[in-house]
Amino acid sequence: MNTKLDGDLKKIDNFLKQRDVVLQKRKEGDFSLDSLESVQKILLINPDVATFWAFIKEIYEHYEATSPGIEKLIEIYKKDRAHVEKCMGIHPKSYYIWYHRRWTSERTPQMDWKKELKLCNYLLTLDKRNFHCWNYRRFVVSQLKLSLKEELDFTTFKIEENFSNYSAWHNRSTIVTTFKRSKENKNVKENEKEKENEKEKENENENEKTEEQKEKQEKEEKKKINDEEFTFKFQEEFEFVQNALYVDPEDQSTWIYLQWLISQSSNEGKLERINTTIQVVEELLGIEPKSKWGNLTLVFLLREKANKVDDEDKQSNLRNHAKEIINKLIKLDPRHTNFYNDFANSNKSFL
Amino acid sequence: MEKIEDADVIILGTGITPTLISASLSRLKKKVLHMDFKPYYGSEMSTLSFKEFYSLFDQKTKKTEEKETEKEKEKKDEKQEKKENENVTFSDSIKPVPLIFEESYTESSLTFPKPEVRRFWMFPKKEEKKEKEEEKEKEEEKEKEEEKENENEKQENNDNEKEKDEEKKENEKEEEKEEKEEKQKEEEEEKIEEKEKDKEKEEKKKEVPEQIGSLEWLKCKSSRFMIDLQPHYIFARSEILKIVATSNLTHYIDFQLLGSIQLLHEGKFQALPCSRSEIFKTKSLELIEKRFLMKFITHCTKYSTNEIEDEEVLDEIKSWLEKPFTDFLTKYYKFNTKLHDFVFYTIVMASGKGEIATLKTKDGIKSVYKYIISMNRFQGTTPILWPQYGISGFPQGFSRSSAIYGGTFMLNSFVQKLVLNGKNQIEGIINSSNEKIKSPIVISPVHYWDNLGQGVVKKRILRSILITDRSLFPNEENHDTSLVIIPSMDNSKEEKEEEKENEESVIQLLQLGPHSHATPDNVYIIHLTCFVNKDSKTTPNEKFDWVIKKYFKREKSEQNEEKPAIIFDCNFVQKIYERKQQISEDALPKGLLLFNPSNPLQDSFQSSIDETKRIVRLICPEMIEENSNFFPNIQQEVYSKKKESKTESKIEKKFVSLDISINEGKETEEKKEEIENQKNVKIELKFIEN
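Here the protein sequences come in this chain order: S and R.
Counting from 1, one number per residue, gives the positions in the first sequence under full-length UniProt numbering.
Counting from 1, one number per residue, gives the positions in the second sequence under full-length UniProt numbering.
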């Protein structure tokens, strides 16, 4: 034990010394590349210190102010990316690393976003559930203007690998919301669009655009076309979820996604959707009567149904059914008695 | 080479069991002399080049002659034995050809397609062009046809335009093949030049024939073939792999996961998805089937690791343990016949209906657990690892391992006589070059001593090896190496009586393609294996004929393009020997230890490991403790770490897509858990070292 303690003390001592040096430099306003080196060095000991990352940003800002030319900028940010990747290996879930990555990516001239996407996808094979990485990936995808279809396919792939993955389901939910929003806006915007297009054509004639801008525009248009053709099929999605439920009814992420999906259903077919889902869940509960999340989701579905039904008798039937299930859950899972009671209390209007 | 005059132990045969014993004893600091009468390693589980394999059959006549002279020798030896009193020589019963092949095979079982059949499945380039031209002419003229072949082709063209397109594609493919072949020729020639062996050079240049698939072509490509006499299936989590990992054998053997395990069910090849992800993805199962299959798999794994929390479920499973597994599946998990058969044939790998009827639930659960943890180890779709370059990688690896620790190996040499003292105790041997080598212990496979009645034939293995021109699953690349289980006769009218007599009728069909490094490009080896009772008189031909007829084509008249055409095939029979449980002490000289040769079932060499432990404990009583290390790494530092990482990366490369430096040592706990399944030998090694 003592030897380990001694080793640790030495490490701490070493870290503190280096820290003092770096902080001193920052105080003195030494934003040279030498400082950069020493900050990067100490970050490899502990990358989870916001102050150091802030110092690095200041150094880059000063460096950019000297207008060193594109090539040198590309070079220095390339080095930075390599350094950040090392830090990610040490502490893949540090917020500051991922913030920093985004900050430098945005500043890098001629950023290779495709490579960045590959990196994200690779890191997601190592840890499928790192939400930092998923977040950053969404940012990269927005830069690349990937179509909704491509993104949906990626999450499908990730979920098929292992569907116990909140992050992947969440990513899927963002696609659903984007789709819904764009659909809602579609009608409103259609008229405006035509006008815009005419204007744009005029603009094109007037201003000669750089290639980069053109490329960007092309991508955007491509994405637009793809996304307009893309329709998110709720029916298929429910089947997809149902499949996951049957494979592992113990996995709560799927149940939560199912609940969310119900809440997103458009008003017209909602009642019908709720009814069929209730049927599916009850069928599954026939095989797995002890499924905690299945029972809880059933209560949720009954509540949603009650909201849609006007008939008071029917409502009270649903309420009684739900109460029964809650009581059953308390028996099944006595450790969470208070959770179920709280659930009932927070749904007083229904239960 | 230094002459060896004495050894602590002499081991005969180089199958998996003797080489395991050899590696273990060498590491335990015994002086080992290891002999095999053949020029190559592996004994009954050798992996041979085409020429070597072919010569087994070709030299048959010679061997029988040899045997006769052997018998004469034996008789002489016996006479000598009687004469000598003090220094008794025991009669030499070691046959230079221990019968891995039964004597009963005939020349006719080794067949080649007739020349016109060869021509049918691979067109030489020039003829192809001619034919095309002729086709064009006909389309323009539409006159009399000159050749029968062309007539056929034309009819086809008229019948179906699609077929025509396919043919064109075929032709293109074949052109590509031709090109590849040419490249290979060049490469091979270069290699030979490097070797600067003029003889071989001349021979090979002469031999490269234009027609692919001829005997000359096969002989020319000889070294590109890895033909296993006995296929074995190694589970990814098994003791043998632990030994391979801990005793640094990863330098010698590379593995790949078997692409798929399929069952011939209702006339179709179907794979059973077993991992959570595969079950989720598949469209071949109903939702209810998915639920019950998942429930069953989770219960089996959790029961085996004592993780079942629900006491009702636990009691239920416990009540089934001694009952038949088949009822457990159909009654408790409500499996339909499809799921039931899949579990028995592909997971439990039952040998036939007899095993299905008798297997107890507790043993069934064990098999399922082994299957699932093996499959999860590399997150593949199958639990079985296939050694690249053939199964004899194992005996060869263990032989090298033994040699590194001081073992001496002599191929092409055998024991002529055992030298005994007056107390019937072995003092040494006289080898094939008439040299006396002292050793108190001789370890030998039991079947070498057939005439002493110590071994019993336990089973016969019907074998057939085909070489074909395409995959059974041409549309699925990852089925390049595949195991197909064929439960029973397709049309059972002929063999009803036969089946009763010999219930274990499952045929295993193993396809090895170029990805397995066992064949040249575009050529496939098909192993057909069937275990029958020792008294069964079924021949391989009778057993496999319907499979071959149905899924392969031998004759030109068969126009079915989908079927792989057979370039070469042969049948033979192997025997599984087992030691008699009770041996009277007088029957054997003291110091002669007999072991069971490998048991070619899907037990991942477990029976060989058990035999090894038994034998080693007889010699080194200190190894009696259950957790003794039979393969200690004394010279571990000899190996550089670089080498280690190289071989491992070969296995791992499947999982690495980008070259990013990530410090593995400092991953968070969660991440470690995530990756753990992807990691393989590497993790295992670290874990054990720690």
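Just to be clear, a hint being listed does not mean it is correct.
In silico DSBU-like links for lysine-lysine, alpha-carbon gap of 30 Å or less [what the hints assert, rightly or not]:
| # | chain 1 | residue 1 | chain 2 | residue 2 |
| --- | --- | --- | --- | --- |
| 1 | R | Lys338 | S | Lys290 |
| 2 | S | Lys57 | S | Lys149 |
| 3 | R | Lys590 | R | Lys438 |
| 4 | S | Lys290 | R | Lys295 |
| 5 | S | Lys118 | R | Lys334 |
| 6 | S | Lys219 | S | Lys183 |
| 7 | R | Lys423 | R | Lys295 |
| 8 | R | Lys534 | R | Lys549 |
| 9 | R | Lys353 | S | Lys328 |
| 10 | R | Lys281 | S | Lys145 |
| 11 | S | Lys328 | R | Lys290 |
| 12 | R | Lys318 | S | Lys223 |
| 13 | S | Lys331 | R | Lys549 |
| 14 | S | Lys292 | R | Lys438 |
| 15 | R | Lys353 | R | Lys318 |
| 16 | R | Lys290 | S | Lys331 |
| 17 | S | Lys128 | R | Lys302 |
| 18 | R | Lys549 | S | Lys128 |
| 19 | S | Lys308 | S | Lys186 |
| 20 | S | Lys233 | R | Lys331 |
| 21 | R | Lys281 | S | Lys114 |
| 22 | S | Lys328 | S | Lys180 |
| 23 | S | Lys72 | S | Lys128 |
| 24 | R | Lys290 | S | Lys270 |
| 25 | R | Lys283 | S | Lys149 |
| 26 | R | Lys423 | S | Lys180 |
| 27 | R | Lys283 | S | Lys292 |
| 28 | S | Lys323 | R | Lys295 |
| 29 | S | Lys149 | R | Lys302 |
| 30 | S | Lys290 | R | Lys323 |
| 31 | R | Lys281 | S | Lys292 |
| 32 | S | Lys331 | R | Lys590 |
| 33 | S | Lys72 | S | Lys115 |
| 34 | R | Lys334 | S | Lys328 |
| 35 | R | Lys534 | S | Lys331 |
| 36 | R | Lys38 | R | Lys417 |
Stretch by stretch, here's where chain R covers chain S in the computed footprint (C-beta under 8 Å, at least three residues) [to be verified]:
| # | segment |
| --- | --- |
| 37 | 238 to 246 |
| 38 | 284 to 296 |
| 39 | 314 to 323 |
Hints listed in this document are in silico derivations from the structure and should not be mistaken for laboratory results.
Built from N, CA and C at the ideal position, the CB exists for glycine as well.
Each hint, compared with the structure:
1. Lys338(R) x Lys290(S): Measuring from Cα to Cα gives roughly 27 Å; hence the hint holds.
2. Lys57(S) x Lys149(S): 36 Å, violated
3. Lys590(R) x Lys438(R): Satisfied, since the Cα-Cα distance of roughly 14 Å is no more than 30 Å.
4. Lys290(S) x Lys295(R): Satisfied, since the Cα-Cα distance of roughly 13 Å is no more than 30 Å.
5. Lys118(S) x Lys334(R): Distance ~45 Å between Lys118(S) and Lys334(R) Cα, so the pair is violated.
6. Lys219(S) x Lys183(S): Roughly 20 Å separates the two Cα atoms, so the pair holds.
7. Lys423(R) x Lys295(R): 63 Å, violated
8. Lys534(R) x Lys549(R): 26 Å, holds
9. Lys353(R) x Lys328(S): Status violated; Cα separation ~45 Å.
10. Lys281(R) x Lys145(S): 28 Å, holds
11. Lys328(S) x Lys290(R): With Cα atoms ~26 Å apart, Lys328(S) and Lys290(R) stay inside 30 Å; holds.
12. Lys318(R) x Lys223(S): Violated. Lys318(R) to Lys223(S) sits at ~58 Å, over the 30 Å cutoff.
13. Lys331(S) x Lys549(R): With a Cα-Cα distance of about 62 Å, the restraint between Lys331(S) and Lys549(R) is violated, given a limit of 30 Å.
14. Lys292(S) x Lys438(R): The hint is violated at about 73 Å.
15. Lys353(R) x Lys318(R): 25 Å, holds
16. Lys290(R) x Lys331(S): Holds. Lys290(R) to Lys331(S) sits at ~28 Å (cutoff 30 Å).
17. Lys128(S) x Lys302(R): Since the Cα atoms of Lys128(S) and Lys302(R) sit roughly 24 Å apart, the hinted pair holds (cutoff 30 Å).
18. Lys549(R) x Lys128(S): With Cα atoms ~48 Å apart, Lys549(R) and Lys128(S) exceed 30 Å; violated.
19. Lys308(S) x Lys186(S): Holds, at about 27 Å.
20. Lys233(S) x Lys331(R): Answer violated: Lys233(S) to Lys331(R) is near 38 Å, above 30 Å.
21. Lys281(R) x Lys114(S): 28 Å, holds
22. Lys328(S) x Lys180(S): 37 Å, violated
23. Lys72(S) x Lys128(S): At roughly 35 Å apart (the allowed maximum being 30 Å), Lys128(S) and Lys72(S) break the hint.
24. Lys290(R) x Lys270(S): 28 Å, holds
25. Lys283(R) x Lys149(S): The given pair, whose Cα atoms are some 21 Å apart, holds under the 30 Å limit.
26. Lys423(R) x Lys180(S): 94 Å, violated
27. Lys283(R) x Lys292(S): 27 Å, holds
28. Lys323(S) x Lys295(R): 29 Å, holds
29. Lys149(S) x Lys302(R): 39 Å, violated
30. Lys290(S) x Lys323(R): Roughly 26 Å between the alpha carbons, so the hint for Lys290(S) and Lys323(R) holds.
31. Lys281(R) x Lys292(S): 24 Å, holds
32. Lys331(S) x Lys590(R): Given that 30 Å is the threshold and the Cα spacing comes to 70 Å, the pair is violated.
33. Lys72(S) x Lys115(S): Holds, because 20 Å separates the two Cα atoms, which is no more than 30 Å.
34. Lys334(R) x Lys328(S): 26 Å, holds
35. Lys534(R) x Lys331(S): 59 Å, violated
36. Lys38(R) x Lys417(R): 18 Å, holds
37. 238 to 246: holds (count 4)
38. 284 to 296: holds (count 4)
39. 314 to 323: violated (count 0)
Of the numbered hints listed earlier, those contradicted by the structure are 2, 5, 7, 9, 12, 13, 14, 18, 20, 22, 23, 26, 29, 32, 35 and 39.
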